[in-house]
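Student: In case you want the letters, here they are:
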Amino acid sequence: EAGVTQSPRYAVLQEGQAVSFWCDPISGHDTLYWYQQPRDQGPQLLVYFRDEAVIDNSQLPSDRFSAVRPKGTNSTLKIQSAKQGDTATYLCASTPGTLYFGAGTRLSVL
Amino acid sequence: AQSVTQPDARVTVSEGASLQLRCKYSYSGTPYLFWYVQYPRQGLQLLLKYYSGDPVVQGVNGFEAEFIKSNSSFHLRKASVHWSDSAVYFCAVMSNTGYQNFYFGKGTSLTVIP
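Read top to bottom, the protein sequences are chains A and B. Quick note: the first sequence, position 38, residue 524 per the working numbering, numbers continuous. Quick note: the second sequence, position 96, residue 97 per the working numbering, numbers continuous.
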């Protein structure tokens with residue numbers, strides 16, 4: 487069974503640039519999560535979906551971050567105008583019951 | 002509000018020694034509890050989980066954890082650590098009503114000295 491797939495693995499940006507992260511969850515998993523993990527910290531929820539519906543995006547900086555899951559399968563997280571404070575690893579996970587994580591995308595904003 | 006506290010940011014032990022990593026949670030009701038491990042440049046991997054029943058749960062690679070409701074704790078233990086256990090360990094709680102939301106602690110970085 488394929489795991490959660492994320493791309494790209496790494497991204498390096500200048501402040502103000504845009505970037506998109508892509509996630510392919512485990513087949514059949516209806517709930518998908520995006521987490522932000524700053525260096526030396528635990529994962530912090532940004533947004534999660536049940537199928538194509540957003541369940542909770544209260545922690546998503548809505549002025550610059552957006553996330554979609556249009557067909558209830560793959561998902562894209564986008565940062566419109568990156569800031570140095572966005573430097574972190576972005577993790578995608580899917581479930582039911584137990585979270586299965588992808589390897590993450592390490593973002594550096596210079 | 003749900004939260005998880007891992008009071009020890011870093012733990013160093015010698016190979017072969019026993020290990021306990023502490024976790025305390027705040028949750029109204031009976032939680033679902035998890036321990037995950039993260040190796041460098043990788044995502045989190047599940048070590049073990051507790052949903053109900055026997056409060057001592059066994060996980061992979063000889064890890065176990067005990068749910069103590071009266072103390073709101075879910076400490077992780079291992080009888081004898083190996084250098085390959087060096088990693089960051091995260092405790093998490095999942096809401097068991099409605100949609101599944103997970104809350105993570107800040108993690109404990111374990112270094113095993115050969």
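Hints in this document: simulated from the structure, not taken from any laboratory. Source: prediction; values computed, not measured. Here a beta-carbon is modelled for each residue, glycine too, at the ideal position from N, C-alpha and C. Please note that the accuracy of each hint is not assured.
Simulated pairs of lysine-lysine, DSSO-like, Cα-Cα distance not exceeding 30 angstroms [to be verified]:
1) B:Lys-70 - B:Lys-25
2) A:Lys-564 - B:Lys-25
3) A:Lys-569 - B:Lys-107
4) B:Lys-50 - B:Lys-107
5) B:Lys-25 - B:Lys-50
6) B:Lys-107 - B:Lys-70
Okay, the calculated beta carbon distance ranges per label pair [as the list claims (entries may be wrong)]:
7) A:Ser-548 - B:Gly-54: 27 to 33 angstroms
8) B:Asp-55 - A:Lys-569: 46 to 52 angstroms
9) B:Arg-42 - A:Lys-564: 21 to 27 angstroms
Student: All hints are to be evaluated individually against the structure, with a verdict given for each.
Tutor: Here is how each hint holds up against the structure:
1. Restraint check for Lys-70 of chain B and Lys-25 of chain B: the C-alpha separation of about 10 angstroms stays at or below 30 angstroms, so the hint holds.
2. Between Lys-564 of chain A and Lys-25 of chain B, the direct Cα distance comes to roughly 34 angstroms. Violation of the 30 angstroms bound is thereby established for this hinted pair.
3. This hinted pair checks out: Lys-569 of chain A and Lys-107 of chain B have alpha carbons roughly 23 angstroms apart, not beyond 30 angstroms.
4. Among the hinted pairs, Lys-50 of chain B with Lys-107 of chain B is consistent with the structure: their alpha-carbon atoms are about 18 angstroms apart, no more than 30 angstroms.
5. The suggested pairing of Lys-25 of chain B with Lys-50 of chain B holds, with an alpha-carbon distance near 15 angstroms, which does not exceed 30 angstroms.
6. A C-alpha spacing of about 21 angstroms is found between Lys-107 of chain B and Lys-70 of chain B, which places the hinted pair at or below 30 angstroms, so the restraint holds.
7. For the hinted restraint 27 to 33 angstroms between Ser-548 of chain A and Gly-54 of chain B, the CB-CB distance of approximately 41 angstroms leaves it violated.
8. The given range of 46 to 52 angstroms is respected by Asp-55 of chain B and Lys-569 of chain A, whose C-beta atoms sit roughly 47 angstroms from each other.
9. In this structure, Arg-42 of chain B and Lys-564 of chain A meet the distance hint of 21 to 27 angstroms, their C-beta atoms being roughly 23 angstroms apart.
Comparing the model with each numbered hint stated earlier shows that hints 2 and 7 do not hold.
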